[in-house]
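So the sequence lines, in the order shown, correspond to chains A and B. According to our numbering, the first sequence is numbered sequentially starting from 6. According to our numbering, the second sequence is numbered sequentially starting from 6.
Since the hints were derived computationally from the structure, they do not count as laboratory data. C-beta: ideal position from N, C-alpha, C; glycine also. You may find that some hints are simply not true.
Partial list, computed: chain B residues near chain A (C-beta under 10 Å) [unchecked claim]:
no., residue
1, THR24
2, SER120
3, PRO122
4, SER123
5, VAL126
6, PHE127
7, TYR168
8, GLU176
9, ILE177
10, ALA186
11, ARG192
12, SER193
13, LEU198
One-sided excerpt, in silico: chain B residues whose CB lies under 10 Å from chain A [stated by the list, open to error]:
no., residue
14, LYS23
15, VAL81
16, HIS82
17, ASN84
18, MET165
19, TYR170
20, VAL172
21, GLN185
2 protein chains.
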Amino acid sequence: MNDAGILFVLSAPSGTGKTTIVKKVMDGMINLSFSISHTTRSPRAGEQNGVDYHFVSVSEFMEMRRKNLFLEWAEVHGNFYGTSRPAILSRLECGKDIILDIDVQGAALIAADDSVPSVSVFLAPPSLSELERRLCQRATDSNEIIELRLKNAVKEMAAMEHYEYLVVNDEIEDAVTTLQAVIIAERSRGHRLSSGEPVKLRVEK
Amino acid sequence: MNDAGILFVLSAPSGTGKTTIVKKVMDGMINLSFSISHTTRSPRAGEQNGVDYHFVSVSEFMEMRRKNLFLEWAEVHGNFYGTSRPAILSRLECGKDIILDIDVQGAALIAADDSVPSVSVFLAPPSLSELERRLCQRATDSNEIIELRLKNAVKEMAAMEHYEYLVVNDEIEDAVTTLQAVIIAERSRGHRLSSGEPVKLRVEK
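Turn these sequences into a full structure, and let the hints steer you where they fit.
Given below as structure tokens:
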């Protein structure tokens with residue numbers, strides 16, 4: 006309806022079901038895409054540059070950092086990951102809405118960054134005991150890793166009150182509907198539509 | 006998810022399709038009801054007290070006005086109509102969401118009333134020429150009435166920038182989906198959920 010896209014910043018503790026939910030949300034909506042991070046790690050088999058990640062060298066990454074081109078960045082296991090401000094802005098300017106999947110620290114940085122208006126959404130498990138049950142059920146992680154993920158979840162959930170929306174993944178289909186509703190509703194926010202051409206309303210008389 | 010209901014204040018120029026859209030929105034949602042006005046006019050055939058209106062005498066109405074019990078009131082063709090603050094508040098306290106269909110002046114009064122937090126939605130026709138076409142097509146009104154309705158629509162649409170959400174009724178099903186999305190999204194707003202019990206999240210560990 007309006008020209009500029011919206012940046013949806015989504016955080017969720019590990020095991021909340023974020024990947025499944027985001028995939029279903031994207032399948033059901035047009036004009037919505039996923040943010041592609043820059044990383045210095047090597048592509049894994051099947052990963053495509055510009056699709057899964059923007060793969061860059063350490064020196065390229067450092068040059069972008071030096072130029073303050075990252076909305077946020079982090080070092081994980083010796084590799085750098087970052088969200089490019091110009092990449093996000095150019096897609097928003099084309100009217101594309103973007104979902105950016107990011108941890109609570111990154112989300113706080115973006116929320117404080119006035120250069121990119123954003124909408125924050127926290128996706129939460131119904132309870133920590135349910136989260137533990139889901140993490141155990143996946144059976145992909147050791148007990149130590151599960152404990153670590155739960156500790157992180159407690160820390161991350163302490164930040165959820167700072168988010169504009171809180172979506173609880175009790176039933177996946179409900180969470181998908183709610184997240185889609187947030188996106189549709191935000192597209193209809195008056196303050197987005199009141200600047201420039203007011204929707205398609207023209208006073209012809 | 007939380008305890009208190011939400012008051013959705015909806016305004017739309019005559020002929021926008023509000024009645025149809027609100028009916029479809031209500032049919033598809035639970036825990037949502039329509040605000041029932043107080044009026045001094047006589048019940049018409051089939052109208053039920055407490056369902057269509059709260060029918061009261063002029064002296065009862067004036068007593069309510071004197072006690073400042075109306076969120077807003079108006080006189081139309083010699084009859085009084087008003088929205089009872091205690092009636093709205095008691096339903097909100099029971100966790101019921103309410104749609105209140107009201108003109109732009111009434112909506113401005115309610116938006117300024119801190120005793121009842123509300124969410125404002127303007128439902129707009131795609132254009133004034135389309136509104137004129139729809140009003141003519143209904144063929145229930147004289148040309149003078151249609152002209153009057155269009156003039157009122159121009160006045161009301163000048164106020165739409167003050168609303169939190171703007172839903173354009175281009176296609177009815179899209180407008181229904183968008184209005185439902187606004188209701189679902191507002192139910193997930195962090196500030197509603199951060200007071201009191203944080204959703205169903207309990208830190209059990």
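>> Hint validation: VAL172 (chain B) versus chain A, beta carbon distance must be below 10 Å. Holds or violated?
In response: holds (6 Å)
> When the nearest CB of chain A is found for ARG192 (chain B), is that gap smaller than 10 Å?
Replying inline: Because about 8 Å separates ARG192 (chain B) from the closest Cβ in chain A, which is inside the 10 Å limit, the hint holds.
> Do the numbers back the hint for TYR168 (chain B), that is, is its least Cβ distance to chain A under 10 Å?
Replying inline: holds (5 Å)
>> Under 10 Å is the threshold here; is the Cβ of TYR170 (chain B) close enough to any Cβ of chain A for the hint to stand?
In response: For TYR170 (chain B), the interface hint holds, since the closest Cβ of chain A sits about 5 Å away, which is under 10 Å.
>> Does the closest beta carbon of chain A sit nearer than 10 Å to the beta carbon of LYS23 (chain B)?
In response: Where the cut-off is 10 Å and the nearest Cβ of chain A is about 16 Å from LYS23 (chain B), the hint is violated.
> Quick one, is the PHE127 (chain B) hint okay against chain A at 10 Å, beta carbons?
Replying inline: holds (7 Å)
>> Tell me if the interface restraint on MET165 (chain B) is satisfied: Cβ within less than 10 Å of some Cβ in chain A.
In response: holds (7 Å)
> Does SER123 (chain B) meet its interface restraint, that is, does its C-beta lie within less than 10 Å of any C-beta in chain A?
Replying inline: violated (14 Å)
> With a cut-off of 10 Å, does the beta carbon of SER193 (chain B) approach a beta carbon of chain A closely enough for the hint to hold?
Replying inline: holds (5 Å)
> Would the hint on PRO122 (chain B) stand, with a C-beta cut-off of 10 Å toward chain A?
Replying inline: violated (16 Å)
>> So, as I understand it, the hint says ALA186 (chain B) touches chain A; can you test that by seeing if any CB pair is closer than 10 Å?
In response: holds (4 Å)
> Do the numbers back the hint for ASN84 (chain B), that is, is its least Cβ distance to chain A under 10 Å?
Replying inline: violated (31 Å)
In the structure shown, a violation is registered for the earlier hints numbered 1, 2, 3, 4, 8, 9, 14, 15, 16, 17, in ascending order.
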